[in-house]
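K.L.:
This is what each chain is made of:
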Amino acid sequence: MAEEKSQASSSKMLTLKASDGVLFEVELNIAKEMKTVQAYIDDCEDIETIPIPNVLGKHLAIVIEYIKKTNEEYDAEFEKQWNMDDLQLLLLAANYLNISGLQECLCKAIAKRIENKSPEYVRKVFNIENDHSPEEEAKLRKEYKWAFEGVDKD
Amino acid sequence: MMDMISTLPDDILCHVLSFLKTKQAVATSILSKRWKHLWLSVPVLDFSRTRVTDQEANFRFHDFVYSVLLSRDSAPPVKFFRLYVMYNYTQHVNLIMPSVSKWINFVLQRGGLEYLDLYMDTSGWPTLPINILSCTTLVALKLCFFRVVDHRFSSVLLLPSLKTLHLHLIRFAKRQDFMFLLAACPNLEDLLISALLFDDEEDSLSCNEWKNFSLSNLTKANVDSYYFQFPMKVLHNVQSLSMCIAKAHCFNDAIPTFHNLTCMHLESLNNRCHFIVEVFKHCPKLQELYVDEDGMNSDYQPWTKKDDKENWVDPNFVPQCLSLHLRVFCFSSVFGLQGELQLARYILKNARVLQTMRISTIGEPEIKDLLSSFPRASSSCKLTFVYLPRDYSSESDSSLDANETSIGSDA
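Protein sequence lines, in the order shown, are assigned to chains Z and F.
Note that this note's numbering numbers the first sequence so that position 154 is 154, with each residue one more than the last.
Note that this note's numbering numbers the second sequence so that position 322 is 322, with each residue one more than the last.
Hints listed in this document are in silico derivations from the structure and should not be mistaken for laboratory results.
Predicted, not measured: the structure shown is a model, and the values here were computed from it.
All clues stand as given, with none of them false.
Sample of chain Z residues at the chain F side, in silico, Cβ under 10 Å:
#  : residue
1  : L92
2  : E104
3  : N116
4  : K117
5  : V125
6  : E137
7  : L140
8  : Y144
9  : W146
10 : E149
Positions of the beta carbon are idealized from the N, C-alpha and C atoms, including for glycine.
Only chain F is shown next, with the shape it has when bound in the complex (with noise of 0.2 Å):
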């Protein structure tokens, strides 16, 4: 057959080049002279998953970059920048940085970024260049492993354009600097933080400051609260909503209601089942959730029934969830204990809509008959019972031994 893909016009070409890493598209400069420049135009710099494994081949890289720049030079400007470089050897920060910056502050300079996604997996922390944070076209940010100082900090914060920002392993110096950065994106609509760190631990968050600070265009939240109790205030608006709960967490404590949020994920539950009951009071939409005992930040701990100590009292109200959306009710790593069946029963008892419960247990597999003989407020209810016997070395969510049942409706 002949060489049709030549006879696409440059934009379409382009536009498969745009789903390869760079290196590839690259490269393609040489499969004729039809495709010789073709790469050029593409607004798509990926280099992800890049593996450097010694000195000599992390100068080629650099020497890669530096030659794609330059030779992009005229060409449309960049709005993709992803760089996700893995280290086989220990490759000291001060190393890489200076290059780096160099780098992003070239792409930053033609304008029209729009997605940024960076990450080096170098001994000692990379510092954040701070113009990425002054760039009104950012449309995505995500990092991962930086540290972010800059004296010059709260003047330059300025991302009018980002609605989605992801930050892993993030160290900066004040809680207050990551607040500051947040009200630097007023139309964030996805936020995902997971192990922020900050220098100074003795600094708390002055509640008269942010009392009445929100993200109101926030849609979406995946927050890790384990060292860095998240002011709950910010995310009151979001429709979904992942979270770890922290060990120290107060109940109480100033948590919003969320009046639009309908899907959440918990994790870390550690059998703090009335934690549950302050969910329900504060989500009076919520349709679906999804607990697990378990999680990154759990005690890792074999129970048994002498840690059984929760003394579950039904709340003598129904919270309007319960009666009205509530369809979907997922609880994991369950063990057996006396507040996961009564909450799982409370649960089943006031659910007026709920069609689907499913437990995983890591305990007892007999809980499934006791369960299953609980009172359902909801004729439709299917309850569905996975076992998996629990490995502590194994971090990995899928089993090799799920027992799989099905109850199905009763009425």
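For reference, chain Z alone in the conformation it holds in the complex (with noise of 0.2 Å):
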């Protein structure tokens, strides 16, 4: 799959402008990828500077770097390098560029860290606060009781 992309015929290139300015010479059919900036291209036809307003240059550029070389065995490595922060940004930034397997590979990489963790932990990782009242989530636990048996103590 990586071969095909380098030898696509089209070799316009484009440039991707990141939130903090950084600037990003990519191949047209490496940009298609981003289904945002693929509706961008297919709006203005002439546009040779996509600005890319939520995204750092250090995202996008793990981000090209992973359409270009997708495939399994790069899928099962790229997750391992990331912490739980950058997980979430990349989570974000593959959500705004509409890139599906991207978004894939990243659902599954922040669910296997989460994987048997009690839900403080999850809170913590994630920081979200807790907005529940204590009779609501007394409520929750009594009527899922199996579901808070037997939790990693975290």
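These two chains come separately, so use the hints to put the complex back together.
P.N.:
See the structure below:
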């Protein structure tokens, strides 16, 4: 798949501008994997520089690298490299840019990191504020009792 | 850092939850109000690797599954359902199956089920809820440890969307019943069968009735032919085949030509090396061949030179796959018997495009020199030896003492 991409007849280059001003020159067919960018191109045919206001240069670089290289082995190794904060930001980027393959890979990676962890741990890792009332939380714990049994103390 | 994850759209968060077991997905309901109902939209119900410690825990587990299903009543239908339960005590099947059948029927009735994977480690054979076999949306079905019995059996079978069927430890009344099941899956691509049992031991497949039956879309098959001599003709279109050869297997008995077969794994060869020649004859496009003398159903006897009975004779023609296609040959659990050595020699002599021959020997490390001396038709062939001292009490493939030497291509 990587080979097909590099042999694509279209060698037209596009510039993507990240939120912090970093510029990336990419081949058209790579850029098109990001459906958001594709939509932009469809709208304005002659565009040469596309702004990506929601994504930092650091993460856009990773995303572009992923699209160029992607295959199963790469996926498996890919997710190991990034910490939880980066994974979340990458998922936000992948969602904004509309890249389904990368989204899939990242959803799976994030799920793997919270597998078997307690709700308390998950809240901490994602910085989720618990806005349930104590009664509400108690009601849920009672209704699905078995779901709260035997979780990793973390 | 702020809570970024909760800013993602519902469907993305649900997608993350879909990779978790349902037990944990449901627990996310207490994370915050944003998360309270997310798990309800996840089209995956995964109760796998559920370990039930005692009868009390089992009641709580059953309660949980009922609650989950009822809460999801008006939610999007379940596409993926996996139930894999182990019991730390003796749980009789009759106390489990009525609930399990209800759960499965509930999911089936909502429609849209694509993937179903079931195993319950009860005492006594669970009876398969027969509705499963007429689910028109099912794409993958994996079953372990069930009995298929129902007088309505052959009339309800309909699995037009099924591409993957994995059956392990399944008990049918007759061999016919299994064939009817296969016939109900015309679009099957991936078949795995292992340990199929039949109540009616005397019954054998009537040749004429199934003579022209085959699964034309099947590309991959893994067949344990030890208890049940599988009609090979059914598999004739496959590209990849794994087989365990039964003790009583007749070599020429209705073996079709496998025109598309490029990769084959064979187990339990038990030193019947001439069988490999039959494989070459019937698989003209074979590129990769993996043979294990050993395997689940082989004879666990320490072989010695005295058992070396096979008298090898080189066939008087060279099969097409050897001349044109065979790139990889891996031979495991080799003792160093005459038949094995002659087979390896024959292949080296004739396989013109062979790139890799890998011999894993549990017998004589000395055969390495002998094999390296045989003439090779392929100048780019790399010969690799792994010496694994045999430990009969261990079933694992990985060895602590593997001594690997590689002999590169010699001109």
